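Engineer: Below, each chain spelled out in residue letters.
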Amino acid sequence: MKPLDPRLLGYAQATRAYLAATVVLGFGHAALLIAQAVLLAGAITAVFLNGAAITAVEASGLPVLVALALVVAARSAVAWLQEVAAARSAAAVKSQLRSRLLTHIAARGPAGGRPAGEIAALAGGGLDALDAYFARYLPQLLLAVLVPGLLLARLLPADLVATVTIAVTLPLIPVFMALVGMHTEAQNRRQFRLLARLSHHFLDVVAGLPTLKLFGRARAQAGIIRRISDDQRRHTMRTLRTAFLSSLVLELLATLSVALVAVGVGLRLVHGDLDLATALLVLILAPEAYRPLREVGANYHASAEGLAAAEEVFTILETPPPVAGTVPPRDGDIVFENVEVRFPGRAGAALRLDATIRPGEVVALTGPSGCGKSTALAVLLGFVTASSGLVRVDGVPLEDLDLAAWRRRIAWVPQRPHLFASSVYENIALTGNADGPEVVAAARAAGADVFVQELPEAYGTVLGDAGAGLSAGQRQRIALARAFLRDAPIVLLDEPTANLDGATAAGVMDAIRRLAHGRTVIIAAHRPELIALADREIRLTAELVPA
Amino acid sequence: MTAAAATDRSAPGAGRGFSLYPLLKPAAGRLGLAVLAGSGAAGAAVALTAVSAWLISRAALHPPVLHLMVAIVAVRACGLSRGVLRYLERLFGHDAAFRILADVRVRLFERLERLAPAGLADFRRADLARRLASDVGAVLDLVTRVLLPYAVAAVVGLASVLVVGALAPAAGLVLAAALLVAAVGVPVLQRAAARRADGRLAPLRAELSTGVVDLVHGLPDLLAYGATRDRLDRLAVVDARLTAASRRSAATAGLGAAVTVLVTGVSVLAGLIAGAYAVRSGTLRGELLALVVLTPLAVFEIAGPLPAAAQHYAAARASLHRLAEIWTAPDPLHSPRLAPTAVSTAPRQRSEPAGQNGQHTRLAPTDVSTAPRQRSEPAGQNDPHTRLAPTDVSTGLRQRPEPAGQNDRHAGPAGVPELRVEGVTAGWVAGRTAVGGFDLVLPAGSRVALTGPSGSGKSTVAALLVRFLDPWAGRVTMDGVDLRDVPADEVRAVVGYLPEDAYLFDTTIGANLRIARPDATDGQLREVLRAARLLEWVTTLPDGLDTLVGEHGMALSGGQRRRLALARLLLTDARVLILDEPTEHLDEATAVALTRDLLAAAGERTVLLITHPTDLDECLTRVPVTAVRRGPGRPAE
Chain Z
9 MKPLDPRLLG YAQATRAYLA ATVVLGFGHA ALLIAQAVLL AGAITAVFLN
59 GAAITAVEAS GLPVLVALAL VVAARSAVAW LQEVAAARSA AAVKSQLRSR
109 LLTHIAARGP AGGRPAGEIA ALAGGGLDAL DAYFARYLPQ LLLAVLVPGL
159 LLARLLPADL VATVTIAVTL PLIPVFMALV GMHTEAQNRR QFRLLARLSH
209 HFLDVVAGLP TLKLFGRARA QAGIIRRISD DQRRHTMRTL RTAFLSSLVL
259 ELLATLSVAL VAVGVGLRLV HGDLDLATAL LVLILAPEAY RPLREVGANY
309 HASAEGLAAA EEVFTILETP PPVAGTVPPR DGDIVFENVE VRFPGRAGAA
359 LRLDATIRPG EVVALTGPSG CGKSTALAVL LGFVTASSGL VRVDGVPLED
409 LDLAAWRRRI AWVPQRPHLF ASSVYENIAL TGNADGPEVV AAARAAGADV
459 FVQELPEAYG TVLGDAGAGL SAGQRQRIAL ARAFLRDAPI VLLDEPTANL
509 DGATAAGVMD AIRRLAHGRT VIIAAHRPEL IALADREIRL TAELVPA
Chain W
677 MTAAAATDRS APGAGRGFSL YPLLKPAAGR LGLAVLAGSG AAGAAVALTA
727 VSAWLISRAA LHPPVLHLMV AIVAVRACGL SRGVLRYLER LFGHDAAFRI
777 LADVRVRLFE RLERLAPAGL ADFRRADLAR RLASDVGAVL DLVTRVLLPY
827 AVAAVVGLAS VLVVGALAPA AGLVLAAALL VAAVGVPVLQ RAAARRADGR
877 LAPLRAELST GVVDLVHGLP DLLAYGATRD RLDRLAVVDA RLTAASRRSA
927 ATAGLGAAVT VLVTGVSVLA GLIAGAYAVR SGTLRGELLA LVVLTPLAVF
977 EIAGPLPAAA QHYAAARASL HRLAEIWTAP DPLHSPRLAP TAVSTAPRQR
1027 SEPAGQNGQH TRLAPTDVST APRQRSEPAG QNDPHTRLAP TDVSTGLRQR
1077 PEPAGQNDRH AGPAGVPELR VEGVTAGWVA GRTAVGGFDL VLPAGSRVAL
1127 TGPSGSGKST VAALLVRFLD PWAGRVTMDG VDLRDVPADE VRAVVGYLPE
1177 DAYLFDTTIG ANLRIARPDA TDGQLREVLR AARLLEWVTT LPDGLDTLVG
1227 EHGMALSGGQ RRRLALARLL LTDARVLILD EPTEHLDEAT AVALTRDLLA
1277 AAGERTVLLI THPTDLDECL TRVPVTAVRR GPGRPAE
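Going down the list, the protein sequences come from chains Z and W.
If you read the first sequence in the working numbering, its first letter stands for residue 9, the second for the next number, and so on.
If you read the second sequence in the working numbering, its first letter stands for residue 677, the second for the next number, and so on.
The shape of chain Z in the complex, shown without the other chains (with noise of 0.2 Å):
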């Protein structure tokens, strides 16, 4: 894996100008290491050897207590400003991130969707899994290449033994981390995607747990949770037992090296060949050049988490999204020509329909379920597209549209409408151009308004998520008084009174007729007393051919 994926700074900005306070804040860090261990030295020669008073000692006009306190607080200072800088970039960065991935999602449409489990994962944790990257990486990683630059630089005219102990073993550190590291950065990834995995699998079960507890299933599921879990822990321990080799070489060289050269500039001393001035300052700055790099290996691991999430956001991004066409729709007949829809993994066609629907028309959809009634409906939207054949707006292709505009001409009734975790109001605005009594009135039209004012905090009330709290019907009747709201030339209906009771199902059949007045519907029914509804009846076949 690199350690800083170019990428990063073109998809967050705020990377750019972190780095380029690091360098500088890193500069700080390094002088104020040597000033601090050249004092100190100093001073603690003077007091052994020479028997000074410790008040009497100077460094360069000043008192050696002051001028250490002044390092002292300079450090401090220079650590909290990168903190700030870290912490702050990083919540930009992610925040950048995010928003470019669920645009993207947005935009790209539900094809090819992945699960929304794994995106939430993505978008949430994983994202913050980038806090460690720049906090502790990434400036460690600069700091390994400045610190001991620079301490190199002080040390090798005070004593080139030592100096070139460090700048042969320094090197040998990250050769032998890269070699440990391409061997468990695929690792890491099967963790990230196994913890993905895991999370999905919550989702599912936890959605699904009434369900288990009907069938007596819900105890065996914490088996099979303990059983994955301990999956998960055996493969991240293995894992782990080579990911960790590399901090155990990366300690073991460091360590070492600190060893000999205390242990030399020790035997040079007593042969006389250094004064202790010197050596003490190479032995308060020696574990000071390998410190970054340490730092580097203890937080490879929470970083490479990071870059592993990146790297997902990376991958969505780079799918680039359907190009939509820009030519304005316009009223028309619209014309399946020979349309098919395969989905992959699917034996026969989902959809095949050949037929022309005119502006003004009621048409009802109807065949045996399975024969591609809603996936008619979703080519209509864009949804999906036809594997073959061609759908015309007044002889454009539909691919040629904008598609934004097309769709602001169409109310759609799905079959199972998404309420969302807000008020049912805005469930039924959805964007917030809507006022009061428009609303209203549309929830009346669908007849939701009896139940809605039923609520705790009628139109206020908050949906639970998925609308818990709302039957089938009442969530149908929602989606309804979306459409109305919509007031569109184009109305599609997927099997609008599916959930309906009998009284309920003839005022809503009363609304859809004053609906249809002066528009295009096309609606995907069974029952007859909708299909009577319409001027016209298209029956699907789409014959199964076995693969």
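These aren't lab readings, by the way, just hints derived from the structure by calculation.
Quick caveat: nothing in here was measured; it's all calculated off a predicted structure.
Beta carbons: idealized from backbone N, C-alpha and C, even for Gly.
All clues stand as given, with none of them false.
Each pair of labels, with its calculated beta carbon distance range: (1) A1269/W / R547/Z: 14 to 20 Å; (2) V470/Z / G1113/W: 28 to 34 Å; (3) G1113/W / R227/Z: 33 to 39 Å.
Among the chain W residues that face chain Z by a calculated CB cut under 7 Å, a handful are: (4) R752; (5) P793; (6) S885; (7) V888; (8) L908; (9) R923; (10) A927; (11) L965.
Given chain Z, put chain W in place with the hints provided.
Structural biologist: Positioned in the frame of chain Z, the structure of chain W alone reads:
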């Protein structure tokens, strides 16, 4: 400590949250090893600096090299052992943490299992999964990033203070104070500020996560209505608030690092001043001055990360609090009046006569002969009797089953209980009555259609019959026994329910079916698929039973989803079938035929059909409807 553990286990719903000790207990041995190895590694690092400092100082006095040999060997040994011990610490620590993690996850799921679905009406689904997947992950942090660093720092810090203090008492005292500031003072300061930030961040993160799941699931609706931009903008607002809140907590995160660097410097300065005075006054040998000054530098390499560890603790605490919320959510079902533990730990014990209650023993034999537990008995695979239900269904499809005479009829009419709902008032959320004063009788083998407008509480009646809910007033009985006296699992083994939102899992068709009967053969699966009029379609699929149904079964059509859920129900041994709109999303002809098949296949079983009057007129006229009932009061509408 054992008392604390016992309390936690015996009353998980009554406790204030997690008590840490019982969670750590199963991995205590590994944790101990981790602390030991970690202390060794950190000790080696400090010793390396201390001994080197002395070695160099001593060397400056030009002694014979032989006098330095012990120090030289010690320095090299420290250099070698640190890495190895640290490696061991991390392995032991992570292994222990993952074990604890698995434990917490399972215990939490078991709690959720008790709560669902009625007790979870207040929690949002996306939020719940987040709690499970990410808040539980906080336990991992708690062990590896909080517990271990603190334990190791405590051991090594104490040892260093003692050594430095023995040489220069003032320096030792300052070092001790500085360590306390880094380990306790900085975190306390940080927490005071960060607690507010974390409290702010966690709900924002949850809100963002719910919003993201909403966006992805509701994407078709949003795109069709041109509301995607609006949603994204709204998410951007939440995101901006989250980002701003994160930025605000940045200053405090930095404060910790700054103070830590500061106290490191102070302890080094104190070492220098105190050491220098001690050397001047002759209480400290000059060659030990460097040791006194430089040891704090090494100690703070160990103690420096503590404020960060404490921050992890604060975040983990917030997560544990949210987990505790689930722990303490009130139980939706009244506690059974019969010994509940015997049921949950050893379900088979049921067949022993309960003794206290004659009616209960009458229920038990039925239950055992049809209950799914039988499947787990090894002989079951080959015994034709255990395939009772599927055989039943297949014969029923071709001809109405004879009331007696077939060898698989041993569960017979006697196995079908009579269910009664007597003056029941109930609801899902306190204060919102869903059904009031409701009466219903389901004699054994009857066909009853439950009708009423949507929202009138039909599903609530079904929930009462499978004991998802207990009535607030009145009672539900099975052969005269109050359902509250029957463990919920036993009720559900007898009463099968196809809810209107029957869930399909993101796995294969076969696996979804086998939830009802894990050991079912492919042949049995085909039988129930045929009964649900789905077999023809499944055989056209290239992967057949191994076809994936997609998230929430979205790769199937509405009618296919419905019939797959129905087939799954038919695979059970349930003697009472509650079917909520089994033919929803089906075309007229299929719906009529399917309903006819179903009622025929049900044989002696009781069928409660939840449906609309229109469906009744067109589909059910051919079958005897013995009762059409509706709750007299409809407080919900």
